[in-house]
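Trainee: Here is how the chains run, residue by residue.
Number of protein chains: 6
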Amino acid sequence: MLRLATPGYQRFVQTSEFEATYGGGEANVAVSLSNFGLTSKFVTRLPNNDLGLACTMSLKKYGVDTQHIAQGGDRLGIYFLETGAVNRPSKVVYDRAYSSFSEVKPEMFDWDAIFEGAEWFHWTGITPAVSESAALTCLAACKAAKAKGLKISCDLNYRAKLWKWGKKAHEVMPELVHYCDVILGNEEDAEKVFGIKPPHTDVDKGVVDALEFEHVCKEMKVKFPAASKIIITLRGSVNANHNTWAGVLFDGKTLYQSSTYNITHIVDRVGGGDSFMGGLIYGLLTYNSDQQALDFAVAASCLKHTIPGDFNLVTVAEVEALMKGDGSGRVQR
Amino acid sequence: MLRLATPGYQRFVQTSEFEATYGGGEANVAVSLSNFGLTSKFVTRLPNNDLGLACTMSLKKYGVDTQHIAQGGDRLGIYFLETGAVNRPSKVVYDRAYSSFSEVKPEMFDWDAIFEGAEWFHWTGITPAVSESAALTCLAACKAAKAKGLKISCDLNYRAKLWKWGKKAHEVMPELVHYCDVILGNEEDAEKVFGIKPPHTDVDKGVVDALEFEHVCKEMKVKFPAASKIIITLRGSVNANHNTWAGVLFDGKTLYQSSTYNITHIVDRVGGGDSFMGGLIYGLLTYNSDQQALDFAVAASCLKHTIPGDFNLVTVAEVEALMKGDGSGRVQR
Amino acid sequence: MLRLATPGYQRFVQTSEFEATYGGGEANVAVSLSNFGLTSKFVTRLPNNDLGLACTMSLKKYGVDTQHIAQGGDRLGIYFLETGAVNRPSKVVYDRAYSSFSEVKPEMFDWDAIFEGAEWFHWTGITPAVSESAALTCLAACKAAKAKGLKISCDLNYRAKLWKWGKKAHEVMPELVHYCDVILGNEEDAEKVFGIKPPHTDVDKGVVDALEFEHVCKEMKVKFPAASKIIITLRGSVNANHNTWAGVLFDGKTLYQSSTYNITHIVDRVGGGDSFMGGLIYGLLTYNSDQQALDFAVAASCLKHTIPGDFNLVTVAEVEALMKGDGSGRVQR
Amino acid sequence: MLRLATPGYQRFVQTSEFEATYGGGEANVAVSLSNFGLTSKFVTRLPNNDLGLACTMSLKKYGVDTQHIAQGGDRLGIYFLETGAVNRPSKVVYDRAYSSFSEVKPEMFDWDAIFEGAEWFHWTGITPAVSESAALTCLAACKAAKAKGLKISCDLNYRAKLWKWGKKAHEVMPELVHYCDVILGNEEDAEKVFGIKPPHTDVDKGVVDALEFEHVCKEMKVKFPAASKIIITLRGSVNANHNTWAGVLFDGKTLYQSSTYNITHIVDRVGGGDSFMGGLIYGLLTYNSDQQALDFAVAASCLKHTIPGDFNLVTVAEVEALMKGDGSGRVQR
Amino acid sequence: MLRLATPGYQRFVQTSEFEATYGGGEANVAVSLSNFGLTSKFVTRLPNNDLGLACTMSLKKYGVDTQHIAQGGDRLGIYFLETGAVNRPSKVVYDRAYSSFSEVKPEMFDWDAIFEGAEWFHWTGITPAVSESAALTCLAACKAAKAKGLKISCDLNYRAKLWKWGKKAHEVMPELVHYCDVILGNEEDAEKVFGIKPPHTDVDKGVVDALEFEHVCKEMKVKFPAASKIIITLRGSVNANHNTWAGVLFDGKTLYQSSTYNITHIVDRVGGGDSFMGGLIYGLLTYNSDQQALDFAVAASCLKHTIPGDFNLVTVAEVEALMKGDGSGRVQR
Amino acid sequence: MLRLATPGYQRFVQTSEFEATYGGGEANVAVSLSNFGLTSKFVTRLPNNDLGLACTMSLKKYGVDTQHIAQGGDRLGIYFLETGAVNRPSKVVYDRAYSSFSEVKPEMFDWDAIFEGAEWFHWTGITPAVSESAALTCLAACKAAKAKGLKISCDLNYRAKLWKWGKKAHEVMPELVHYCDVILGNEEDAEKVFGIKPPHTDVDKGVVDALEFEHVCKEMKVKFPAASKIIITLRGSVNANHNTWAGVLFDGKTLYQSSTYNITHIVDRVGGGDSFMGGLIYGLLTYNSDQQALDFAVAASCLKHTIPGDFNLVTVAEVEALMKGDGSGRVQR
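The listed protein sequences correspond, in order, to chains C, F, Y, X, A and H.
Sequential numbering from 3 applies to the first sequence in the numbering used here.
Sequential numbering from 3 applies to the second sequence in the numbering used here.
Sequential numbering from 3 applies to the third sequence in the numbering used here.
Sequential numbering from 3 applies to the fourth sequence in the numbering used here.
Sequential numbering from 3 applies to the fifth sequence in the numbering used here.
Sequential numbering from 3 applies to the sixth sequence in the numbering used here.
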């Protein structure tokens, strides 16, 4: 997906240029994993034109395997981004209707070849949102991944503006989520997709009480018993430049909590959730400890907020330094 | 329409930013007329979002009346532009499918109100190309304009990539063109839409013989006898930076020829034809002489090649200075 | 007025480029009103050159009626802006002496035509500051507006550097302010123009006690009994990036207070007072409640601090969302 | 003087930024001489503000002695530049009225100290054009220079828009020019100031016949018999991007001609005449041959056309390489 | 290698920013081949820091296999580029001494693994120029390639400034060139390395007579009888913006000549020779005709002159369109 | 030294441009002093190429005397800077090995001429770190300065990455520091060079207790009894955007403390220590009070954090305004 962002906090009506980068939920996760030294493959469908090519090249740059990207369709999905400040929220204008990806069909992919040698399959709630055929493709992928013995994770990633093809999220998502071992959501997703919400927290107040979300995790676990981990990211929005950031992980028994980061000067928060997922998959595959996996995910995504663009361009060493407590930002020289 | 151009001769795969301007066939003509001091009104359909608003504002800036623009639909049409150099052609990637404008319908406009007090209605061949309903809307407008006694002009503006809705240009255009008093085409349009071509000229050779086009004009006059003027723009393409530029006007009897400009360092040639049309309408409304009208049109559009963006931001005085022969480009101070 | 600002916190001696926008007290108010959906007209005098034209076009872009702008004189007023950070203040170098506007004369305007159909006339203390003839023109406008039954408002807007033509603000302003129904000042204006100050507040300390300003409002009301509302904006300057922002409105009986916004990451605070005035006029014309009008004004101008340039490019919906308490800045998508 | 230029061939009404550099007739000559390794001093008057300071620093950067610049007055002179292309001329909007320099007075400078140790004094026709007191200051400087035995040169530099203070160029210049040993003009100056013109050449045609200017030189020599050299620059304007460039020098007996350069892709032609003068002074001080001095001047100023900004940032070695015939532009590595 | 170029024709002393891209002789060839759809691998040595990483990523973006790049050493080679115009040549400041690559040693590479499955090995004369150990490494590679039966090509690429390690080009190159099947040089290389020059051509005059180079080819063939093809690129330098471009290929019997392109508005000529080599290898591997291979190489590198940066980002279809004669640069839409 | 910084918080792998400025420890101090109105001279060695020239010019711009800079050697030292945000530290990639300066030798400078008329000599710990010959040169300078009766100051400026030539800082520095009257270090230098550290403070916690450093000062005074003042800068790193900043000065008897600044929105903290030193030298030379000298130094360097680039471009008046307590950042107009 092409992201076109106004520079320098300009509003859409002011700008005479757009900063162009490429990104999108699953792509961002793939780039994170590749940066962390794992092999990752990104599967999507892109138009056979220069913009599709540029998108592919931006993934190859960061080492993502793009050989299974299908080509075809009319257009590359676009989203326009106006970065907010203080009490003015960032604003996204989606222009992804009729994209090559929205017209994806199950038969366009050879899942057997795609999953050969893979350990993990990840998808997000954006895919089933864009069209019925995309939802069916996602289902086909889940089935194939399960058949091959891959771990499956999803990020619920609810976007109200996208569910327009007829069915609602709560009608479509349950079947897909049942395939998942690892389920990630933010502090609003579980409520908006499944109606499960914490008793009292108001996320707009910049105060997010982690313990409130134990309830949400437990309800999710009841609803999706096959999932071995339920993870929730906790964003407190002080204002558009200043958020708090943390996460909880529930393994069916214990609720692990991360420390809370105070992100006082956000550079770019888009892709924050994806960078969390990238960190989490790396953490779960690398550490023997759910606490450490969670801490890695939170630290990784905390750093994402300091990097322009959707991708989280950090190394394992950088994440681990922060995870171990060095958040002072002192110049390294 | 939003135009997104790579800066500094970059190719699409290189760029990290796009220069954003707004434009499009009829809009460009409207801006030209407003710059020349005439009252102009632009009628289209734009989405009710920030991009639609930004597009409207860019027209208001140059004095175009935007009150009759309809709102609705999903998206603003986009075209991506990569500016070529020397032997590398400029490249356009259209992304205008499913635009608000392509879904325009005749009943969305109150032509009676729109044409109240107007003298002239102009349309281009792009409108009937984008969709059947757009073609029908164009037809409705022509009928309404004719009923109110307006002069009608069209620019044939053939774009092969756009005619995808079922019928071909040669099936649709004749009915529409029959309403026109003034018909403009470039050195290829008449051939591609109506199969009328000059005997020998090869436009890729940078040599365009004006007299060759007398034949085209006469054939057009035969086909569209109601038209009082047939005009053809003559572009010789030495290379992407260097074109020659001229025009001929046929009034049914005489073939008027302009002088030929040697545009050796093109800044931006997109919108060149539209700037010709803007100059021609101004010229026909202002001068008593077809020769002068033609000369004004050619000089105006010659200057357009030196201005970035689709719009021709020149004054009558500047055009007339060039028309009278001062093309030396000496600093004015 | 042309505003030339150094980019990226550069100092004047460092910069090799200036960001160019147009603005100025009354123009900024006119743009605010137009953005909020009201009809607004801007009256000034601009030179008959390309800079005057560019200035006019930037107003037309945002829907302001510019037909009564007089043309003539030598030059467009300019101000150079160096944006400060933390403990380094922003710095303005005025270059507006001898501007077309400073040589404005009463007879250059047909106030009867200008005020036809209007409800409200607004002026700022900058106008009488620039020259004697501008002060006389302002007086003529006040008289004409009063005669036609318009509401009149002013923003005291004291600028020590501008009062150089002979008389001082305290000698000139009283006669003009007596025409006003609505008087706006910031936490320093009343003191600097009329010697009226709050007992204890020190505005440089980042702490501004709203109640302290009841005294100021009451003194102003005594001095200008015809004014139905006295409004004071309250800016607490923590540092150049971080201000607090609030306002009080006194209707002769009650002191209404707004909530105080904590603007922690200012993008551009120039035009803050003008955006308050724009919000206030809209609020007073739209709501039946002085409290709501004040709240709208404070919220509108709070958002201005997040937008580059002088103009406050926000919608009524955006202001009302903040006014109702949503200042979390969460991404809208 | 501050120069504010629109980037990328934008017109004034399009731009949202200006490229800021400093320059002006005599300053440009001083920078040229300093670059060529000579000691040069620039005398002017600048306002005591950040823009005056930035202007001074830009001269110090290139080694010009700025210690005798007077401080005071209201404003720094500005000129706005819109760079033209092909048949669209570059456009200058002067905003130098009321500048600190225009209010210069003879008693502001201690010419004795300024000229101590100096060999050469250079002035341009812009100085007497801006105000009567500037003309008087120029006269005082000429007298002081002559008394100290310095060589004096002038560049006629006629600018019609500047002569507004009461007297005309032809009334003021003769007295000043009589002090000069070296007189430089372009192909139009002698005509516009003194009414001396070549019999047939039309400079807008891109064809300038050097021999035609022998007549002009001879007439000048008759009018100013004290001058030992009369030099005329010859610019043929093919269009705004493509000029030819040459010069002739008349020593009272012989007319020396330079070769003609074909400058096909101009980057920036403003300051072209000044760079010629800088090269000429260097050449006359360095070589024993008028032909070589002329050739150096023409080659130096030919290179100026390839450098953005007013200053000619080239070395003696670079000029001499071109002067000796290497104009191939092959990469140096 | 990191390339740091001043923007907008600025001189080094003017610039406040550098455009950063990556490139270098063999890397540029590898990118060309990958763009043409072939598999290519780039072997070098880069420092283990962020700049080395960024360089690697820029190659991966375009599909080049980077797995055999060795890591180590102190620094990435840099070259600073100032782009010239008209008679001012482009200027390169090399800063590649002590680079990681210059300290390359034969034992750092497993040539057997590197050449596994490969068909072709290409090196340039820059490698043996930078250090003795680099020359030895190049020799080791040639031996290993020959042993594995690969075709070997070289580009003589003489750079006088680089040969500083003790031996001269003519002492080192012959042994290396003897391994080559295909030898490429420009119109000066053969003379500067081997003393073989055409009888009369002066390359700085913008006139290069292809037939003159038959002599050079034949002499080269005598000196290196194992080479099956000798190719010479022919650049005529009209000025820094305008070159002519052609090539000849000698197969031991016949001298094939390409047509000559007139590149009137160069965007970036650095990497021109490398893009020729990339096109030539593709052509020799793809076509059955030496004439076609030569034509493809010349057309490919002609297009390179229109693209900023070292890499030739064109497709086979684009090259073939030009090769077949369409150099009109007409907009593709 | 050339500083190449990524713009807009970009990471090295993202950027396509670098912002280029010049700077470095002693140069930054020289510029500060010149800005404060003192005469300053910078002594170093630069390559005889365009980059060395550009570096020299950037110093001349700010009035630094560059006549004693030696020319020669291969390359200008470079450092690449990636500006961090929040918990992501800024990152410096040094590329200064083999620089002209690192190959400096004592005999390259005529210290007698250099120190003629001077009062103060300042050096930093970076000089002896880069090479043995640089350390010897620094020693020669200290001896010469002492012999001429100059005050000598040093900034310990420990950079672990630079001490690579054989000896360690603790082996080399003592002899050099013994010459100093004024010794400056940051909160880590004394520990890293001499093993002297405060009992408990952890500088990464954003809390720095000034009193803790009395111990460090006293130990330093014991070790270097000739020093009349020991000064320590105290930076508390809340995160990369937010630091606290203060200093202590020990005169052998009393520990003077500055107030602590809360720098909440850092623009550029590189050069912070140098700007402190510049302010300190100015303060010690100007005020009769160590407290005022310290306060001036802290305020000056606090302002540096708001200015892009290495140089501290502030005036005495600006520093004194802050020193007297006005840190509100209110717009100056």
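Heads up, some of the hints might be wrong.
Copies of the same chain look alike in the list, so a pair counts if it works inside one copy or between any two.
What the hints assert, rightly or not - Cross-link-like lysine-lysine pairs, in silico, DSSO-like; alpha carbons within 30 Å at most:
| # | residue 1 | residue 2 |
| --- | --- | --- |
| 1 | 93 | 326 |
| 2 | 194 | 223 |
| 3 | 145 | 93 |
| 4 | 43 | 145 |
| 5 | 170 | 62 |
Simulated from the structure, these hints should not be mistaken for lab results.
Only a predicted model underlies this, so the values are computations on that prediction, with no experimental measurement involved.
Trainee: If a hint holds in the structure, say so; if it doesn't, say that too.
Mentor: These are the hints, each one checked on the structure:
Taking CA atoms no more than 30 Å apart as the test, residue 93 paired with residue 326 passes between copies only; the shortest distance there is 19 Å, against 34 Å inside one copy. For a Cα distance limit of 30 Å, the shortest separation of residue 194 from residue 223 inside one copy, 17 Å, qualifies, whereas the shortest one across copies, 53 Å, does not. For a Cα distance limit of 30 Å, the shortest separation of residue 145 from residue 93 qualifies neither inside one copy, at 36 Å, nor across copies, at 42 Å. For the homomeric pair residue 43 and residue 145, the shortest alpha-carbon distance inside one copy (18 Å) is at most 30 Å, but the shortest distance between copies (37 Å) is not.
Taking the shortest alpha-carbon separations for residue 170 and residue 62, neither the intra-copy value of 35 Å nor the inter-copy value of 40 Å comes in at or below 30 Å.
In the structure shown, a violation is registered for the earlier hints numbered 3, 5, in ascending order.
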